[in-house]
Each structure stands twice: as C-alpha cells, then as structure tokens.
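Enquirer: Please put together the full structure from these sequences, using the hints given.
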Amino acid sequence: MAQNAEIHQIIDKEYEHGFVTELESESIDCGLNEDVIRFISQKKNEPEFLLEWRLKAYRHWLTMKSPNWANLNIAPIDYQAISYYSAPKSKKDAPKSLDEVDPELLRTYEKLGIPLKEQEMLAGVAVDAVFDSVSVATTFKDKLKEQGIIFCSFSEAVHEHPELIKQYLGTVVPTTDNFFASLNSAVFSDGSFVYIPKGVRCPMELSTYFRINAANTGQFERTLIIADEDSQVSYLEGCTAPMRDENQLHAAVVELVALKGASIKYSTVQNWYPGDKDGKGGIYNFVTKRGECHDNAKISWTQVETGSAITWKYPSVILRGDNSIGEFYSVALTNNLQQADTGTKMIHLGKNTSSTIIAKGISAGRSQNAYRGLVKIGKNADNARNFTQCDSLLMGDTCSAHTFPYIESKNKSAKIEHEATTSRISDEQLFYLRQRGISIEDSVSMIVNGFCKQVIRNLPMEFAVEAQKLLGISLEGSVG
Amino acid sequence: MQQHLIEQYQQHKQNFVGYKDEWLVELREEALAYFLDKGLPTTKEEHYKYTNLNKLARSSYHLSHASSSVSKEQISNRVINTSNNILVFINGYYSASHSQIVESHNNLYIANFATALKEKNKLITNYLGKQVSLDNSITALNTVMHQDGAVILLDKNVKVEHPIELVFIHHDDDKSMQHVRNLVIASENSQATLIEHHYALDESEYLKTIITEIDSGANSQLNYYKLQCENKNAHQLSQLDVHQHQDSHFNYMSLDIGGKLIRHDINIKLLSSNATCQLNGLYIAKSKQHIDNHTCIEHQSPYSTSMENFKGILDDKARAVFNGRVIVQEGAIKTNAQQNNANLLLSNDAEIDTKPQLEIFNDDVQCAHGATVGQLDEQALFYLCARGIDQQQAKTLLTFGFAKALINAISDSRIRHKFTELALSKLDAEQLIQESF
Chain A
77 MAQNAEIHQI IDKEYEHGFV TELESESIDC GLNEDVIRFI SQKKNEPEFL
127 LEWRLKAYRH WLTMKSPNWA NLNIAPIDYQ AISYYSAPKS KKDAPKSLDE
177 VDPELLRTYE KLGIPLKEQE MLAGVAVDAV FDSVSVATTF KDKLKEQGII
227 FCSFSEAVHE HPELIKQYLG TVVPTTDNFF ASLNSAVFSD GSFVYIPKGV
277 RCPMELSTYF RINAANTGQF ERTLIIADED SQVSYLEGCT APMRDENQLH
327 AAVVELVALK GASIKYSTVQ NWYPGDKDGK GGIYNFVTKR GECHDNAKIS
377 WTQVETGSAI TWKYPSVILR GDNSIGEFYS VALTNNLQQA DTGTKMIHLG
427 KNTSSTIIAK GISAGRSQNA YRGLVKIGKN ADNARNFTQC DSLLMGDTCS
477 AHTFPYIESK NKSAKIEHEA TTSRISDEQL FYLRQRGISI EDSVSMIVNG
527 FCKQVIRNLP MEFAVEAQKL LGISLEGSVG
Chain B
7 MQQHLIEQYQ QHKQNFVGYK DEWLVELREE ALAYFLDKGL PTTKEEHYKY
57 TNLNKLARSS YHLSHASSSV SKEQISNRVI NTSNNILVFI NGYYSASHSQ
107 IVESHNNLYI ANFATALKEK NKLITNYLGK QVSLDNSITA LNTVMHQDGA
157 VILLDKNVKV EHPIELVFIH HDDDKSMQHV RNLVIASENS QATLIEHHYA
207 LDESEYLKTI ITEIDSGANS QLNYYKLQCE NKNAHQLSQL DVHQHQDSHF
257 NYMSLDIGGK LIRHDINIKL LSSNATCQLN GLYIAKSKQH IDNHTCIEHQ
307 SPYSTSMENF KGILDDKARA VFNGRVIVQE GAIKTNAQQN NANLLLSNDA
357 EIDTKPQLEI FNDDVQCAHG ATVGQLDEQA LFYLCARGID QQQAKTLLTF
407 GFAKALINAI SDSRIRHKFT ELALSKLDAE QLIQESF
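Protein sequences appear in the order of chains A and B. Sequential numbering of the first sequence, starting at 77, is according to our numbering. Sequential numbering of the second sequence, starting at 7, is according to our numbering.
Among the hints, a few may not be true.
Here are the simulated DMTMM-like pairs of lysine to aspartate or glutamate, each with C-alpha atoms no more than 25 Å apart in a straight line [claimed, not checked]:
(1) B:K61 - A:E484
(2) B:K266 - A:E484
(3) B:K126 - B:E51
No lab work stands behind these hints, which were simulated from the structure alone. Every value quoted in this text rests on a predicted model; they were computed, and no experiment measured them.
Expert: Dropping the structure here:
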C-alpha cells in the first residue's frame, strides 16, 4: 500500500507543474523567429535571464552558416520548416499495442532481450504507466536526495535551482560556439540536470532511462552536469534499443563541469533510426558535447554510435586545471548509407594534464565513417601527455573510412603519440572461426567485438552486454 | 599582390620563355586570370590553416634580374660532386657557363626550359601543365611568371650514371621573385638520380616558387633529393607532382634547413598497379622559421605501396606544419600505405601542427599512420652527461641521433654525406661531421 501511495504521489506531482498539461493542447507553427523563442520561454515559465540568453544565442545564430567542413553529405536543412515547440506527441497517434509496431523493430528488441513492458515504452505504445520503472525511479530519487544530489529535468532545474543554471549554463559550450550549439541554445526543449555536491560519490549510475519526464525531451536536448569538488558521478545516456522518434533533426548540447578533484564518466549508446537500406529517412544527429576539467579532475567519454543517418559529434575535454585527465573511448559503426564524422578534442591548458583517445570505426555497406580529432597543447601545458589510437575496420569494397587527426603542440615538454590503422577482417581470422562451426555472421560479430573490446569494457556492465549484442545486430547482412 | 603581378607580367611578357608560342602565352594568361580571381590562399582555407601568407600577399615583388657576379667556386663548393651533370640557375635564369652536362647521348636529353622549348617543342606541349592542374594559386602564380627551369627526358632503358644536380642560386637585390618550372619525363625502364639544391649568396628578401612535374614511366626508378638551404629572409613555395606508372619506384628525400617561410606540396599519384613510392623528409627549424610540408599520396590502382617518414626538429620560435594525406581509391585493392611523422620540440616557443590524414574507399588495404611529438629523453641525456660529455654536446648528439636514421637510409654515400654535413651545421655541431663517418 505504501508503495502505491508513493506512486500516486509521483503521478500527482507530475501534474503539479501545470505547464505539462497545458502543452498538450498547444503547439506553434513551423518557423523560427524571436517571437517563437519568447513563446517557448514563456510556455516554460522561464526566468528573464534565460530568455535573454536564448535571444542572444538566436541573434548570433542568424549570423552563422551551416558548417560544411565535415566529411558528410547533408541535404540542405530548412530551419523554417521545423516546429520548434511541439506539445508531447498525442497519444492518439501512438500505436495501441505492440501488434501495431513494425515487426522488424520487435525482432531487434527480442534479440536484445528487452522485457515486454519496456518494449512497449520504447516503441511508444500508449501505456498508462509503467509501474515498474516508476517505482524504481522513485526509490532512486529518494536515495539521491538524501545525499544532496540533484537529478531532474532541465526545466525543473530552471525553476528550482536557477542560481546553478545561471552560474554554469553556457560556460563550457558558449552560445556562440558553433552553428548547432547556437541553435540549441536558442530553442532547447529540455534535458537533464545533475548536480553532485562536494565530496559525494554518487551511489548509482544515473541514467536518463530512469528519469521521470524523460520520455519527451524533444529534438533540442540540453544536458548540464556539475560535479562539485571531489565528487564522482557516472551518467548513462541513451539506450541500446532503437527509439521511436519523429524528429529528423537532433541538435543536442551536453555540458560537463568537473570542479577540483571531481570525476565524471559519461557513457552514451546511440541507436536512433538510421534510415532504410537506401538511406531514406533516418535521424540527423548533430551534437555538441564538451566538458571542462579543473585541477585534478577527470572526465571520461565513452560512446557507442550505431544509429542515425548522419552523426556529427565530437565530445571534447578542456583540461584547464593542473593534473586533469581526459578520456575518450568510442565505437562508431556505420552500415548501408549511414555517415558518421565523429571524434574528440582534447585541449590541454593546465600542467601535467593527460588524455587518452581510443576510437574504433567500423564501416560496412556503402557507409562513410570518419574520425576527426584535435589534440592541442597550450603553451603553459607543461608535461602534457596524449595517446591516440584510431583504428578502422572496413567491410566491403564500397564503404569508406577516413581519419583526420589534428595535432597542435606549443610546448616542448608535451608528449603526443598518435597511431592509426585501417584494415579489414582477415580471411585467416574468419576461416579459423568458420572451421570451428561458427556461422559467418557470428564470426564477424565476434571479431568486431574483439576489435571494440578496449572501448566496450569502459561501459558500465549492463550497457556493455547490450552494446555487444547491438554491434552484431547492426552489422547483419553486411557480410556474405 | 594581384595588381602588382599584372604590372610585372605586362612589363616582362615579351622576355618570357616561349612568348612566341601561342599555347604557352594562353596558358600564362589563363593562369593570370585565375590568380587575379583567387589571390594567395588565406588561413581560412583548410590547406593553409596553419601557414599564413598574408604578409606575402601584401608585399610586392619584382621579377628577378640575371646576375653575373657568381663565381664557379661558389657553385662547385655546394654541389655534391663536380663530375656530375650540373644545371645551374641563377635567380631563376639558366647559366650555361656554370653548368656542365657530362653525359649526353641520343637517348638522354638534359637542357634548360628555354632550349628545350625550341628543340622539343612538341613533347613539352604535350606534358607541361598536364600533371599540375590549375587548381591552386601557387601553381597559377608560377605558371604566369615562370622564367626557366630544367627539362630532363629519359628514353626507354636509359640509366643515367651520374646524378643530375639542379642548382638554384639566389643573388639579387631585395624583394625579388623568381619562378622555376621543371619537367622530368622518365620512360619505361629508365633510371636516374636527381638532386635539387637551393642556396642564396646574400641575405636579401625574396620569393621563389618552384614547380616540378615528373612522369615516371613503367618500371622506371627515380631518386629525387631536395636540399633547401635558402637564406633567412626567403620564401619558397614549391610543388612536386609525380605520376607513377606500373612497377615504377620513386624515392624522395628532402632536407629543409633554410628559409623564413617554406611550403612544399608533394603530390604523388600511383596510377598503375605495383607502383611504389617512398617519401622521406627532415626539417630543422630555428629562430622564427616556418616550414610546412604537405604531402598527398593517391593510390589509384591495385598493389601499390607508399611509405612516408617525416621528421622534424624545432627550436626557438620555429613552427612546422606537416599534413600527410593518403587517399586509397575504390579499385586500389591490396594497397599498403604507411606513414609516420615524428617531431622533436626543443623550445617552449616552438610549435608543431601535424595532421596525418587517411581517406580510404576500399576494404582490402593495409594502412597505418603515426605521429609523435616529444622532447629529448631526460634519462639518455643524463646517461651521456654522467659520462663526462657536456650537456650541450649531449643534447646535440641526441638530436642528431633522432635525425640520423632518416639520413642513413640514403644509399649514395656522397649524397648521404652532404645531408649529414648540412644537418649538422644547422644544429651547430660541425665538430661531429668527422665523427659521423
């Protein structure tokens, strides 16, 4: 009974914020201008400073041009043809039960071993309440609160902790940073906010998956994670299962702030709809992710990118403080006509800073996969250390793999190493496995997983298991 | 610079090589139009991100004058062997009196551009500007103004016994510019060694552009060495374009020690199967020198191999740029491409920007690249000092050791000796020259 009461409390609480219900009835026409931004801000009941901030970003965005330096073919995007404020999708359009969901999608869920209830949630089936997750989330939330950890949606944080938002928003990714970041700053919909107080070690992996209200963060997601001095947090984003999503353009911004001695681990598994075999449809994923490390702090990015038609993503670390550490582990897999241009930037500014980059690219079908990275050693970054390894695995003679590593060093005590290899699965390896009665697809999956092991073992355990399965599934039909 | 270039062109066009050849005049004017439209590249362009030509674009240079005050000794001191084939160009103009061609027969043609244009007009019409396409401003600038250069034609099965040395000497007043155009056509089965020297006899400021087009025929073997010892006020913008045919070998090794602003573009196209190229380069920069090596190797056919190894030593406020691009096209299966760039930073004001870049469109390849930036090993330094070698000398020994592996790969002992000598003099370690041999 007590549990039930708790659940009801949560459900009621959701409705407390009147704007959530209001949204359902209102949305605005396509197009972007200052009025639209005022409208978004007003609907979200935002304080004045945030509106000003959005407008400033918008005005700057108007002066910018869509970047074309990446190794991507992007059909021109009409920014006036997008509705920047849409109410959460009406439950009327959603499939009524799993029977109405694309069987292809269900097959994938099954392979990933996702429970039925969750399958419904992921496929966007109109379910009244997913009781299991809600109760899980509630217990989690209480536990976090005890330690003073704030973990809520961005909109909620704007109301409840405006001082933190004001202090940190845009400090790592300024509104003027790049085309997509500016657009996001102007029109961002929602996202996550995390604050870990001084000296606290977050007792569990934080995940968007368990956050209430996470269902509709919209296409312009904004995440801000602040780890105060000597705190620790691990954050998981995304989900191995393909998510139903109707927005084609996604331009998210993620900002991480690791204060003195803090440590943030940010893991992503991205598996949005990549489009069909001929490249029709599919999500455009243009993400700006950056973290700032103060003295003795550490930021670690781990990503497994298998979805999206186009991925444009460079999770970066600014190693501002002395003895700070930046890490980047990435697997990017492209198949069919997918395109990925991804990598990282490690900006060494403090003394004794070190960074590690391990990037694994796998391209199959007619896809394009590029690693683009920058390692920059500032003049005062004495004893900076970087190790970069980017390997590409090619499958088939119509795919391509590219590496664009930029290394800029201005300090003599810096030690930078970069190595890259490109090859395909060798016939010997395949023969060895086939000879032992393993099917060709399993063999390939096994070899690919071996190739990615260095990265996958950096994922939290439950993610890692799913990510391995995901790699196998994403490559289906690419060898034969 | 554009306006000034028109004036210079109008003023000198009557004196240019081939001013009576309509096709060449057309080529020059087409290039002029291109240059007027584009101007020199800016740092906003990806290829010139790290090399700023702004100052150059704002200056005006006059076309160089012929000089007669260069003595024979000044040349013979600098060449590798006085019994080699030697072509001397002073301020961009051919000097017959300083040159010597020791090997001459029907199947081998070595001459300057102006002479070759008269004698081998048809061949030059067919080849000139065919490998270097008019797609960048440096090529355009050179095409508009080029004064002279070397033309080397090797017939089938010719083996040139003595290396061919091309010596480019600068001795002029301030703010002069010279533009050189070389053409090398190596037919099937031919073999030759070429050495390109760049020296200045004074400290005046100048701009030099040099474009070399090489067609390396089936099963040909070419060794190409470049020694760049310009003065400290020199700007050199160079481009080397090589087309390699089946089973051909092209070996390149460069040493850059001079110049204020140096930019080399090396473009290799491996057109047919089993072509192999080896590119090595050593750059040593001090004070405020800027040395930029941009290489691009394009594998277009199966079973081709490319090996690339560039090393840099940077001190004071010097800056070096390395961009190694390897493209493996769709049909180029079984390609093997290896690339390495290692850099030694000796000062906190020095800067290196390196970008080893792979673009691969095919799965059956083996490609690897590596880049390192580091400093002298403290332990090795301590080891030497502990044995009574003073610190400065210990540093020099280690620095030279870093470079030596590249130099030692040169098979010809005279050429190797020259590289060692120049590298050591740049490192202020002439005393090591004797010990090195």
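Enquirer: Indicate, hint by hint, whether the structure satisfies it.
Expert: Now the hints, each set against the structure:
| no. | hint | result |
| --- | --- | --- |
| 1 | B:K61 - A:E484 | holds (22 Å) |
| 2 | B:K266 - A:E484 | holds (20 Å) |
| 3 | B:K126 - B:E51 | violated (38 Å) |
Comparing the model with each earlier hint shows a violation of hint 3 alone; every other hint is respected.
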